[in-house]
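Peer 1: For reference, the chains in residue letters:
There are 2 protein chains.
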Amino acid sequence: MINTNTTYASFTDFIKGKDNFLIVSHFNPDGDTLGSALAIANILDGFSKQYTLVNRDVVQEKYLFLPKATEVLLPESLVDQTFQYVITVDCADYQRIGDEVTKLLTPDVEILNIDHHPTNTNFGSSNIVEADAASTTFIIYNLCKKLEIPLNLDIALCLYTGLMTDTGSFQYSNTNSEVHSVAAELISYGINVYEVVENIFETSSVERMVVLKKSLNTLEIDSSGKIAWLEIIQELSTKSEDIDGLVNYPRSIKGVEVAISFKQVHDGKVRVGLRSKKYVDVSLIAMKFQGGGHKRAAGCTIDGTVGEVKEVIVQEIKKYII
Amino acid sequence: MINTNTTYASFTDFIKGKDNFLIVSHFNPDGDTLGSALAIANILDGFSKQYTLVNRDVVQEKYLFLPKATEVLLPESLVDQTFQYVITVDCADYQRIGDEVTKLLTPDVEILNIDHHPTNTNFGSSNIVEADAASTTFIIYNLCKKLEIPLNLDIALCLYTGLMTDTGSFQYSNTNSEVHSVAAELISYGINVYEVVENIFETSSVERMVVLKKSLNTLEIDSSGKIAWLEIIQELSTKSEDIDGLVNYPRSIKGVEVAISFKQVHDGKVRVGLRSKKYVDVSLIAMKFQGGGHKRAAGCTIDGTVGEVKEVIVQEIKKYII
Chain V
1 MINTNTTYAS FTDFIKGKDN FLIVSHFNPD GDTLGSALAI ANILDGFSKQ
51 YTLVNRDVVQ EKYLFLPKAT EVLLPESLVD QTFQYVITVD CADYQRIGDE
101 VTKLLTPDVE ILNIDHHPTN TNFGSSNIVE ADAASTTFII YNLCKKLEIP
151 LNLDIALCLY TGLMTDTGSF QYSNTNSEVH SVAAELISYG INVYEVVENI
201 FETSSVERMV VLKKSLNTLE IDSSGKIAWL EIIQELSTKS EDIDGLVNYP
251 RSIKGVEVAI SFKQVHDGKV RVGLRSKKYV DVSLIAMKFQ GGGHKRAAGC
301 TIDGTVGEVK EVIVQEIKKY II
Chain R
1 MINTNTTYAS FTDFIKGKDN FLIVSHFNPD GDTLGSALAI ANILDGFSKQ
51 YTLVNRDVVQ EKYLFLPKAT EVLLPESLVD QTFQYVITVD CADYQRIGDE
101 VTKLLTPDVE ILNIDHHPTN TNFGSSNIVE ADAASTTFII YNLCKKLEIP
151 LNLDIALCLY TGLMTDTGSF QYSNTNSEVH SVAAELISYG INVYEVVENI
201 FETSSVERMV VLKKSLNTLE IDSSGKIAWL EIIQELSTKS EDIDGLVNYP
251 RSIKGVEVAI SFKQVHDGKV RVGLRSKKYV DVSLIAMKFQ GGGHKRAAGC
301 TIDGTVGEVK EVIVQEIKKY II
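Listed in order, the protein sequences are those of chains V and R. Just so we're aligned, residue 1 is where the first sequence starts under UniProt numbering, counting upward by one. Just so we're aligned, residue 1 is where the second sequence starts under UniProt numbering, counting upward by one.
If you are wondering where the hints come from, they were derived from the structure by calculation, not from laboratory data. There's no promise every hint is true.
When the alpha-carbon atoms are kept at most 35 Å apart in a straight line, the in silico DSBU-like pairs for lysine-lysine are as follows [stated by the list, open to error]:
no., chain 1, residue 1, chain 2, residue 2
1, V, K269, R, K254
2, R, K239, V, K278
3, R, K319, V, K213
4, R, K103, R, K49
5, R, K254, R, K214
6, R, K62, V, K277
7, V, K49, V, K16
8, V, K277, R, K213
9, R, K62, V, K318
10, R, K214, V, K277
11, R, K146, V, K146
12, R, K213, V, K269
13, R, K214, V, K214
14, R, K18, R, K49
15, R, K145, V, K263
16, R, K16, V, K62
17, V, K254, R, K263
18, R, K68, V, K254
19, V, K214, R, K254
20, R, K145, V, K145
21, V, K254, R, K214
22, R, K213, V, K319
Simulated restraints on C-beta separations [said to hold, decoys possible]:
no., chain 1, residue 1, chain 2, residue 2, range
23, R, P118, V, L73, 43 to 49 Å
24, R, V314, V, T203, 19 to 25 Å
25, R, D19, V, Y172, 40 to 46 Å
26, R, D80, V, D132, 41 to 47 Å
27, V, L73, R, T119, 47 to 53 Å
28, R, T119, V, T203, 27 to 33 Å
29, R, D267, V, E220, 34 to 40 Å
Glycine is no exception: its CB is placed at the ideal position from the N, C-alpha and C atoms.
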């Protein structure tokens, strides 16, 4: 799991003699990027360093239980400030920071890029990138161990949250023995597991239930039983958390290899979510339509109606089904 | 977590000098009772003991990947046989074995009762009961360690499956540091985590999606926002796996403390499923109606229509809501 024993030292090298860091998580922030950013903030406290936390988007309410989560600022509240020292977490490329945030950086900016995406472009002046780490917080955990940075409950809670969410609660194929060992140690700092779960997973809105019900009405499976899809019907709600993960419903059906969600968005475009189980590399399909992602989870946006886009995408996927 | 250091020895005492064991898991078997039964079977192989695996009900297809799962017999295929030595796993009381199975036992039967339910009645001639263990497989893991019974991939897979399913994939409040440490060790025997997940969680039927959609149509929340319920509408399918866990949908709504599912069953009766999040002891409510269960998950069956039963149950629950 650990690629090198030396890259962790770039953390100390990067913060040494510097101050006033900007800690940047990726836009539409999830549990791993926020857990990572907030863990770094708590770690910098230990070094008595100043920092500012920023994200292009508002932090979803379900993550506000994380220590310092309410300190994450929007770029518009920092318009008169610029930052020379930046730590990005869980950002595969420079674009994932968000345009609004990049405007805050000085021309001579120095970036420490900490990430676990295989597609990371090493855009930092320093890069701690481990493609096989289950989460970015897993890298930060190893970094703390290697650099003998003491953990505490706040740091552990941030690291655990990233590990738990990015492994789908210890269910995805990135879950291994080491992931559980790290979870065991982090929890021993006093984490109340159910409190984390309740905050993150048990905060459905009634609107989400309505979206789910209406979307399930559109569920279809192709004649082979290997491709299933639904349209996300979101009339009452505009919150992203009300539609997150709906593609998992067609995905959960036995025998389905590729699951698709379609959502009509602005300008006559359709947002397409793609998931696969075993052998179809959906990132290849997404890339054909100027999208991107991972082998098992990818997405793209295509001009047209849902009916038209569905036709095109399902035909394309059929080429990959065996 | 470990209550005593000596009870594990009753396993060795029980099997010493005996043979031809009947291994009994509870009816409507779940991942923990099956994982436990099959782990015991694999362990008895190591002692070169003969055994028969039995369950009142057919093992759901999703559990058939477990080593020896296809060897679990129905009681009707054993009608001419009786057993003097019985090991029950995850059965809180003698009734959980099922009447059809109890008919297979001799009058001088000796039972080793291995279980983790706080309500266990210690009905065995020997009892290894630990109320604070996260799963019955967790007890069997400790038993193996204490008695120096070597683990292998088959045993580890059975134990992991019980641990994973009974902790709701490491999300329930019974998940602690020790649970993760045990998972870490078990996985190190070569378990493919995603294979387990795929078998157990990604085998929804299209019928389940239809039941879910129709049931969500009946979702209601009381004016306080703390009690939510739905009726399980199961027209096309009679499989229990198509309705398992539907009570989690009202439960997942933010602010809800008690979730209820109602299902019209035979003889003008309604099956009531109860779940709570933090403070309502739903086992007390279930017991008022001759049902039972745990603090956070219980159930009962009441005469009447869904409308009538709903009225009664919601009124009763309101007494407990603060």
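Peer 1: Confirm or reject each hint.
Peer 2: These are the hints, each one checked on the structure:
1. V:K269 x R:K254: It holds: about 32 Å lies between the C-alpha atoms, which stays within 35 Å.
2. R:K239 x V:K278: It holds: about 27 Å lies between the C-alpha atoms, which stays within 35 Å.
3. R:K319 x V:K213: Holds, at roughly 31 Å.
4. R:K103 x R:K49: 23 Å, holds
5. R:K254 x R:K214: 22 Å, holds
6. R:K62 x V:K277: Given that 35 Å is the threshold and the Cα spacing comes to 16 Å, the pair holds.
7. V:K49 x V:K16: Cα-Cα ~10 Å, so holds.
8. V:K277 x R:K213: This hinted pair holds, its Cα atoms lying about 24 Å apart.
9. R:K62 x V:K318: OK: R:K62 and V:K318 at ~27 Å, within 35 Å.
10. R:K214 x V:K277: Roughly 27 Å between the alpha carbons, so the hint for R:K214 and V:K277 holds.
11. R:K146 x V:K146: 34 Å, holds
12. R:K213 x V:K269: Satisfied, since the Cα-Cα distance of roughly 27 Å is no more than 35 Å.
13. R:K214 x V:K214: It holds: about 10 Å lies between the C-alpha atoms, which stays within 35 Å.
14. R:K18 x R:K49: Answer holds: R:K18 to R:K49 is near 8 Å, not above 35 Å.
15. R:K145 x V:K263: 52 Å, violated
16. R:K16 x V:K62: 54 Å, violated
17. V:K254 x R:K263: 25 Å, holds
18. R:K68 x V:K254: 22 Å, holds
19. V:K214 x R:K254: 20 Å, holds
20. R:K145 x V:K145: 29 Å, holds
21. V:K254 x R:K214: 20 Å, holds
22. R:K213 x V:K319: 31 Å, holds
23. R:P118 x V:L73: 43 to 49 Å: 47 Å, holds
24. R:V314 x V:T203: 19 to 25 Å: Hint holds: Cβ distance 23 Å, inside 19 to 25 Å.
25. R:D19 x V:Y172: 40 to 46 Å: Between R:D19 and V:Y172, where Cβ atoms are some 43 Å apart, the hint holds.
26. R:D80 x V:D132: 41 to 47 Å: Between R:D80 and V:D132, where Cβ atoms are some 56 Å apart, the hint is violated.
27. V:L73 x R:T119: 47 to 53 Å: 51 Å, holds
28. R:T119 x V:T203: 27 to 33 Å: 31 Å, holds
29. R:D267 x V:E220: 34 to 40 Å: 38 Å, holds
Of the numbered hints listed earlier, those contradicted by the structure are 15, 16 and 26.
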